[in-house]
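With the hints as your guide, set chain B onto chain A.
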Amino acid sequence: MQLFLEQLTNGLAVGGIYALIALGYTMVYGVLKLINFAHGDLFTIGAFLGLTLLLSLGLTDHIGPVAGIIVLTLMVMGLVALIGALLERTAYRPLRTSPRLSAVVSALGASIFFQNAIMLIYGARFRVYPHDLLPTTSISLFGVDIPVMRIVLFAASLVMMAGLYYFVQRTKTGTAIRAAAIDQGAAKLMGIDVNRVIMYVFLIGPALGGAAGMMVGLYYGQINFTMGWVYGLKAFTAAILGGIGNIPGAMLGGLLLGVIEAMGATYISLAWKDAISFMVLILILIFRPTGILGERVADKV
Amino acid sequence: MKKRLLLTVLAGLLALPLLIGQAHAQVRIGLMAPLTGSWASEGQAMKQIVDLLAEELNNAGGVLGQKVEIVAEDDAGDPRTAALASQRLSTRGIVAVIGTYGSSITEASQNIYDENKIVQVATGSTAIRLSEKGLRYFFRTSPRDDEQGLVAANTLKDMGYGKVAILHDNTTYAKGLADEAQTLLKDSDVEIVFFDALTPGERDYSAILSQLRARAPEVVLFTGYFPEAGLLLRQKKGMGWDVPFVGGDATNNPDLVSIAGKDAAEGFMFLSPPVPQDLDSPEATSFMTAYRAKYNDDPASVWAVLAGDAFNVIVAAIQGSGSTEPDKIAEYLRTGLTDFEGLTGTIAFDDKGDRVGELYRVYKVDGEGRFILQP
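So the sequences go chain by chain: A and B. According to the numbering used here, the residues represented by the first sequence are 1428 to 1728, in order. According to the numbering used here, the residues represented by the second sequence are 4 to 378, in order.
Worth flagging that the hints you see were computed from the coordinates, not collected in a lab. Be careful, since some hints might not be right.
Simulated DEER-style distance windows between Cβ atoms [as the list claims (entries may be wrong)]:
no.: 1; chain 1: A; residue 1: L1501; chain 2: B; residue 2: D161; range: 48 to 56 Å
no.: 2; chain 1: A; residue 1: G1612; chain 2: B; residue 2: D258; range: 31 to 39 Å
no.: 3; chain 1: B; residue 1: N173; chain 2: A; residue 2: I1497; range: 24 to 32 Å
no.: 4; chain 1: B; residue 1: G270; chain 2: A; residue 2: N1543; range: 37 to 45 Å
no.: 5; chain 1: B; residue 1: G165; chain 2: A; residue 2: L1501; range: 47 to 55 Å
Derived contacts from chain B toward chain A, CB cut-off under 10 Å, selection only [unchecked claim]:
no.: 6; residue: D199
no.: 7; residue: R206
no.: 8; residue: I211
no.: 9; residue: P230
no.: 10; residue: S261
no.: 11; residue: A267
Yeah, the Cβ is synthetic: ideal placement off N, Cα and C, and Gly gets one too.
For reference, chain A alone in the conformation it holds in the complex:
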């Protein structure tokens, strides 16, 4: 029982990160029907920018670690959001009327570009966040020791997800995003500036992905230029699992994927961990092709 609870917390912590990244995939897909393959690399950029700012600004010394990290995370989110918007402007917008495949190829190209750019700027070796930044205390819950930072990390990702959900459901811009996701043409007729909506999507998704990158760097320490690949793939899987295009679906899919991985590794086989996750994905797609929370898309096609 203790092992089960321990693995549940392990899975939820990893799943929270997957969910944050998955939101970027799902929002872009919802509005543009495009899989943004460069999203995982935006996550990597977040991790590297976070490290650069952390080391160069010395904010954590001036205003304390907690405030420093919050300010740095916001800065990283802003910068990665700008890069995301720039990506949309240069790599996707010119191709918006082209066949969908062109945009997919462009996304792959952008991913390769980002990866090589990071490697050339920061080098191919592993970079490491400072070790003494975060407290390493644990608290005991039901006989399971959980590091405090892990709870903070999970809470932070929940807060960001909740904020996004509120934004999309309750604000005017959020409503416009949802409208554009349902039918861009009709949204345009209703006076919605679709270009602007898409720009918002490319600001918000990368901001969350960048924050996730910074969080991963802070908590796990080690970052390198290829880290976005594994996380991107997992988050993409999570988005499909939950129902791509659906925001609560991405959150649920991410958390679920993290827990499936941890449980599969424990009770079935460690080496088969990823295979198990993808088996679950395939099973869900067979019995519920739109993902767990996905809506029927018949009216869109």
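Chain B in isolation, oriented as in the chain A frame:
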């Protein structure tokens, strides 16, 4: 008279290149190394060391009264480029070749050198199969994976551990080492409480560590590479579990400590061939002095130093056999070379061309993050 003078001058002119050629007669030794690509740091270090040794040798008069010239080719750490590089080197009149790093890269070049009758001394290629093909001209200064498995098993047994967990990462190297160690440990009544693989490239290994802890091993043998080892140590420390970890030679990298943090890395042990800065033989000491004087640094990797050893044994074989013929060099390496003092210890080769003797040592990370050679 005039005619005769003309003839003499002409003959002299014709002979001139020959004479010059005679004066510059050289022994050409090839170096195939990953000078670019993802292992470029290894390849560059290999070249630095071989260049240094060749320079020293030439200053001391060369071999058989001739200077040694190093002909370097880049294999980019890629099997296809390595095949091209070995073909190019084979046409350039080399008597022997040093290299290369990476078993699959070496494998791509083995047959080409064998067909061209060029002695090859590999330096960072530990896969067992390389020397099981019965190639006459193939040697290596690096140890084999099965030797490391044996040393790993013996080390764990000597420390008196009864319950061992083995974790690998499914790469050919790590899986092979884990299998080897498992077989040997089982034979000696050590209980293997865990044997499985992690996925390299991830960040969170706490699910694996939780599971490991539930099996209560007395020691964990991790046979993968340093990035994962660093994360495992760090996360193990984070969950307050203080089981000892032992790693293979792929964890011998200073980045391990920066990833794990000094306090989490402290006490970690790994197996590796020794670097010359840890040996007090006169060969190692004088090499280190010369290396520091020329490059103002320590050689980072043992695999580069093994390239220096390859150069030394080739020169010793040419000297010892008094010939630059491949058959004589190979024969000398196989039978004539005994107890040769190399940069990484004593060198001799067996029938297959593998290095004889136990090369692996145990290292332990101290509180300052330094790698300390264990007695």
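Status of each hint after checking the structure:
Between L1501/A and D161/B the C-beta distance comes to about 54 Å, which sits within the given range of 48 to 56 Å. Against the hinted window of 31 to 39 Å, the Cβ-Cβ separation of G1612/A and D258/B comes to about 53 Å, which falls outside the hint. At roughly 39 Å, the beta carbons of N173/B and I1497/A sit outside the given window of 24 to 32 Å. At roughly 38 Å, the beta carbons of G270/B and N1543/A sit within the given window of 37 to 45 Å.
A beta carbon spacing of about 53 Å between G165/B and L1501/A agrees with the range 47 to 55 Å that was offered as a hint. Below 10 Å, beta-carbon pairs count as interface contacts, and D199/B has one with chain A at about 4 Å; its hint therefore holds. Because the beta carbon of R206/B sits about 4 Å from the nearest beta carbon in chain A, less than 10 Å, this interface hint is met. The interface hint given for I211/B is met, as the beta carbon of that residue sits about 6 Å from the closest beta carbon of chain A, less than 10 Å.
A distance limit of 10 Å between C-beta atoms decides the matter here; for P230/B the minimum to chain A is near 6 Å, and the interface restraint holds. With its C-beta approaching chain A no nearer than about 5 Å, S261/B sits inside the 10 Å limit, and its interface hint holds. At its closest, the beta carbon of A267/B sits 8 Å from a beta carbon of chain A; the interface hint therefore holds under the 10 Å criterion.
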